[in-house]
Amino acid sequence: MNTVRDPDAIIFAWLDDGPTDLPPETRNAIVIGARVVRQRRPMWLSRRNPRMSQPFRLATMAAALAVVVAVAFIAFRPALSPGPPQTSPSANPTSGPSSSPAPSRSSLPPAAEWVPFTSPFYGYTIRHPAGWDIIPATQHYGLPESPNLFPQLDKLDSPDYSLTVAGMRLRDGETSEAWLRAYFGDTIESGDACTPARSEWDAGTIDGQPAFLVRTCAPAVDTFVFAGDRVYIFTAWAGLVDDRPLFETFLSTIRLQPASAVDPTPTP
Amino acid sequence: MRTRLVERARGGDDVAFAELVDLDGGKCYAIAYRILRDGERARDAVQQAFLLAWRDLPRLRDPERFDVWLHRLLVNACYEEARRYRRWSVHVRVLPVDGPGEADSSVRVADRDLLERAFKRLTPEHRAVFVLHHHAGLPLDAVATVVGVPVGTVKSRLFRATRILRAAILADDRANHPEELPA
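Protein chains in written order, with my numbering: chain A, 486 to 753; chain B, 49 to 231.
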C-alpha cells in the first residue's frame with residue numbers, strides 16, 4: 486500500500502546527503518597556497534621585529550617619517566601640468582554616486598606617471614602605478630579544461646586595489662548584443678540577486694568603443710567593452726569597487742588592440 | 049583556542065592557518081557542495097575562499113567575526129563559481145555536472161534527480177540561503193549577515209526555494225498516486 490510522503494523529510498534527507506570532509510588534495514592546496522600568497526597588511530598593522538636594536542629602530546622611524554613626508558608632498562602638491570591622462574577622458578560611463586575615497590588613494594602617483602602593461606593574450610594595453618603586482622594570464626579565458634579562473638586573468642594588484650582582465654573572440658557573426666544575452670542569460674533585463682537589471686547598467690565608451698559597467702554582488706564592477714570581433718571584461722575589485730573616479734582613470738588609460746590578441750589554437 | 053588560532057594566522061602564522069583549515073574545511077566544503085551541487089566547483093570555491101581569507105586576514109579587526117567573514121567569502125566564491133559555470137555552459141557547453149556519485153543512497157534516485165533539477169533552477173543566492181539555514185543551521189539573522197541582505201529577503205528566498213523543492217516532490221507524487229494526495 487502506498488502512503489502519502491512528507492516532502493520536507495525527503496528534501497532534508499537529500500540535503501544531508503553528500504560529502505562533509507574536505508578532500509585532502511584541496512586541503513593541501515590551500516595550505517601550500519597560504520605559503521605562497523602574500524598577506525595584505527593594512528597600514529595600521531605593521532609587523533614588529535622584536536630583535537631590532539634601538540639605533541636601528543630610530544633609523545627606521547626616521548626613514549618612515551621621510552617616506553611619509555615625501556608621499557604627502559607628492560600627493561598634495563599643486564598640479565604642475567595637466568599631463569595625460571589624469572581623469573577619464575575617453576572612459577565616459579555615466580557615473581553613479583561614489584562613496585568616499587579608498588584608504589590609500591592619496592599615495593597613488595598621478596596617472597601621467599603610471600606605467601603600461603600589455604596583455605600577452607587579450608590585445609590591450611593599460612597603465613597602472615609603478616610597483617603594483619602584475620600577473621599576466623597564462624591560460625586563455627573560457628578554456629573548459631581548466632576549472633580555475635585565476636590563470637585566465639591578467640591581474641593588476643596592490644594592497645588596496647585590484648583589477649582583473651579577460652577577453653575572448655566573438656563567434657563568427659555574433660553581435661555584442663547576442664554575446665551579452667548569452668553571458669547574462671534570461672535575467673539580463675530583469676536582473677537577479679547578484680546582477681542589476683540592464684536598465685541600471687552604466688553605458689559609455691572606452692578607447693572609443695561601447696562599454697557597459699555592471700556592479701555585481703561579488704562585490705566587483707564588471708566592465709564589458711566590445712572592439713572589433715572581441716569582448717573585453719575589465720573587473721574592479723577591492724577599493725576600486727567604491728572608487729569610481731579612480732576606476733575610470735584606469736579605464737581611461739586602456740588602449741584596445743584587438744588585432745594583436747592571441748587566441749587559443751582550436752582543438753580538433 | 050579558536051580565536052587564538054585566528055589571531056596567530058592574522059599575524060602571518062601559516063601553521064595556525066592550516067589548523068583553521070582543518071577545523072573549518074569540512075564544513076565549508078559541505079556548504080559549497082550543497083550550493084553548487086558539484087564537487088569540483090565546490091573544491092575550487094573552498095580553496096578560493098580560504099586563500100582570500102589568508103590574504104586579507106590582517107584586515108580582520110575582530111577575530112571573533114572570523115566564522116561569519118569566512119562564510120561570506122565562501123558564499124561569494126560559490127556565486128563566482130556559479131557565474132563562471134553559467135558562462136562556460138553558455139559558450140562552451142562541455143563542463144560535466146556531478147551526478148549523485150558523491151551522495152549516499154538514503155534518498156530515492158528518482159527523488160534525488162527531481163530535487164537536483166529543481167534546485168538548479170534556483171539562483172545561487174536562493175540556494176545559499178537555503179543551505180546556510182537548513183544545512184549549516186544558521187539562524188535567519190546570521191544568514192542575512194553572511195549573504196549581506198535583510199532578514200526579510202532571506203525569508204522570501206527561503207520560502208521560494210522551499211516551495212520549488214516541495215513542488216517537485218508533490219508533482220511527482222500526484223503523477224504516481226493521484227488518489228492519495230489532497231488537491
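What the hints contain is simulated information worked out from the structure, not anything from laboratory work. A hint or two may mislead.
Taking CB as the label site, the calculated pair distances span [as the list claims (entries may be wrong)]:
| # | chain 1 | residue 1 | chain 2 | residue 2 | range |
| --- | --- | --- | --- | --- | --- |
| 1 | A | Arg666 | B | Arg165 | 19 to 25 Å |
| 2 | B | Lys168 | A | Ile620 | 53 to 59 Å |
| 3 | B | Arg113 | A | Gly713 | 45 to 51 Å |
| 4 | B | Arg165 | A | Arg740 | 45 to 51 Å |
| 5 | B | Thr201 | A | Asp506 | 44 to 50 Å |
| 6 | A | Glu674 | B | Arg165 | 47 to 53 Å |
| 7 | A | Thr750 | B | Lys168 | 30 to 36 Å |
| 8 | A | Arg520 | B | Ala219 | 48 to 54 Å |
| 9 | B | Asp115 | A | Gly676 | 38 to 44 Å |
| 10 | B | Ala219 | A | Gly616 | 20 to 26 Å |
| 11 | B | Gly185 | A | Asn513 | 51 to 57 Å |
| 12 | B | Thr51 | A | Ala688 | 29 to 35 Å |
| 13 | A | Glu685 | B | Arg208 | 44 to 50 Å |
Far from chain B, some chain A residues (derived; all Cβ distances over 10 Å) [claimed, not checked]:
| # | residue |
| --- | --- |
| 14 | Asp493 |
| 15 | Ala498 |
| 16 | Thr505 |
| 17 | Ala514 |
| 18 | Ile515 |
| 19 | Ala519 |
| 20 | Val522 |
| 21 | Gln524 |
| 22 | Arg525 |
| 23 | Phe602 |
| 24 | Ser661 |
| 25 | Asp677 |
| 26 | Gly693 |
| 27 | Ala744 |
Cβ-to-Cβ under 8 Å is the rule here; a few derived chain B residues that face chain A [as the list claims (entries may be wrong)]:
| # | residue |
| --- | --- |
| 28 | Gly60 |
| 29 | Gly73 |
| 30 | Ala78 |
| 31 | Phe207 |
| 32 | Arg208 |
The C-beta atom is built at its ideal place from N, Cα and C for all residues, glycine as well.
These are the hints, each one checked on the structure:
1. A:Arg666 <-> B:Arg165: 19 to 25 Å: 24 Å, holds
2. B:Lys168 <-> A:Ile620: 53 to 59 Å: 33 Å, violated
3. B:Arg113 <-> A:Gly713: 45 to 51 Å: 47 Å, holds
4. B:Arg165 <-> A:Arg740: 45 to 51 Å: About 46 Å separates the Cβ atoms of Arg165 of chain B and Arg740 of chain A, which means 45 to 51 Å holds.
5. B:Thr201 <-> A:Asp506: 44 to 50 Å: 32 Å, violated
6. A:Glu674 <-> B:Arg165: 47 to 53 Å: 25 Å, violated
7. A:Thr750 <-> B:Lys168: 30 to 36 Å: 33 Å, holds
8. A:Arg520 <-> B:Ala219: 48 to 54 Å: 51 Å, holds
9. B:Asp115 <-> A:Gly676: 38 to 44 Å: At roughly 30 Å between Cβ atoms, Gly676 of chain A and Asp115 of chain B fall outside 38 to 44 Å, so the hint is violated.
10. B:Ala219 <-> A:Gly616: 20 to 26 Å: Violated - the Cβ-Cβ distance for Ala219 of chain B and Gly616 of chain A, about 60 Å, lies outside 20 to 26 Å.
11. B:Gly185 <-> A:Asn513: 51 to 57 Å: 28 Å, violated
12. B:Thr51 <-> A:Ala688: 29 to 35 Å: Check failed, 47 Å falls outside 29 to 35 Å.
13. A:Glu685 <-> B:Arg208: 44 to 50 Å: 22 Å, violated
14. Asp493: Not fine: 7 Å to the nearest Cβ puts Asp493 of chain A too close to chain B.
15. Ala498: It is violated; Ala498 of chain A is separated from chain B by about 5 Å at its closest Cβ, not greater than 10 Å.
16. Thr505: Nearest chain B Cβ is 5 Å from Thr505 of chain A, so the label is violated.
17. Ala514: At about 6 Å from chain B, Ala514 of chain A fails to clear the 10 Å cut-off, so the statement is violated.
18. Ile515: 5 Å, violated
19. Ala519: The claim breaks: Ala519 of chain A does not keep its Cβ more than 10 Å from every Cβ of chain B (closest is about 4 Å).
20. Val522: The claim is violated: Val522 of chain A sits with its nearest Cβ about 5 Å from chain B, within 10 Å.
21. Gln524: At about 5 Å from chain B, Gln524 of chain A fails to clear the 10 Å cut-off, so the statement is violated.
22. Arg525: 6 Å, violated
23. Phe602: The claim stands: Phe602 of chain A keeps its Cβ more than 10 Å from every Cβ of chain B (closest is about 21 Å).
24. Ser661: The claim holds: Ser661 of chain A sits with its nearest Cβ about 14 Å from chain B, beyond 10 Å.
25. Asp677: 5 Å, violated
26. Gly693: Answer for Gly693 of chain A: holds, closest chain B Cβ roughly 26 Å.
27. Ala744: 22 Å, holds
28. Gly60: Nearest chain A Cβ about 6 Å off; hint holds.
29. Gly73: 3 Å, holds
30. Ala78: Hint holds; Ala78 of chain B Cβ to chain A Cβ min 5 Å, cut 8 Å.
31. Phe207: Since the shortest Cβ distance to chain A is 13 Å, the answer is violated.
32. Arg208: 11 Å, violated
Checked against the numbered hints above, the structure breaks hints 2, 5, 6, 9, 10, 11, 12, 13, 14, 15, 16, 17, 18, 19, 20, 21, 22, 25, 31, 32 and satisfies the rest.
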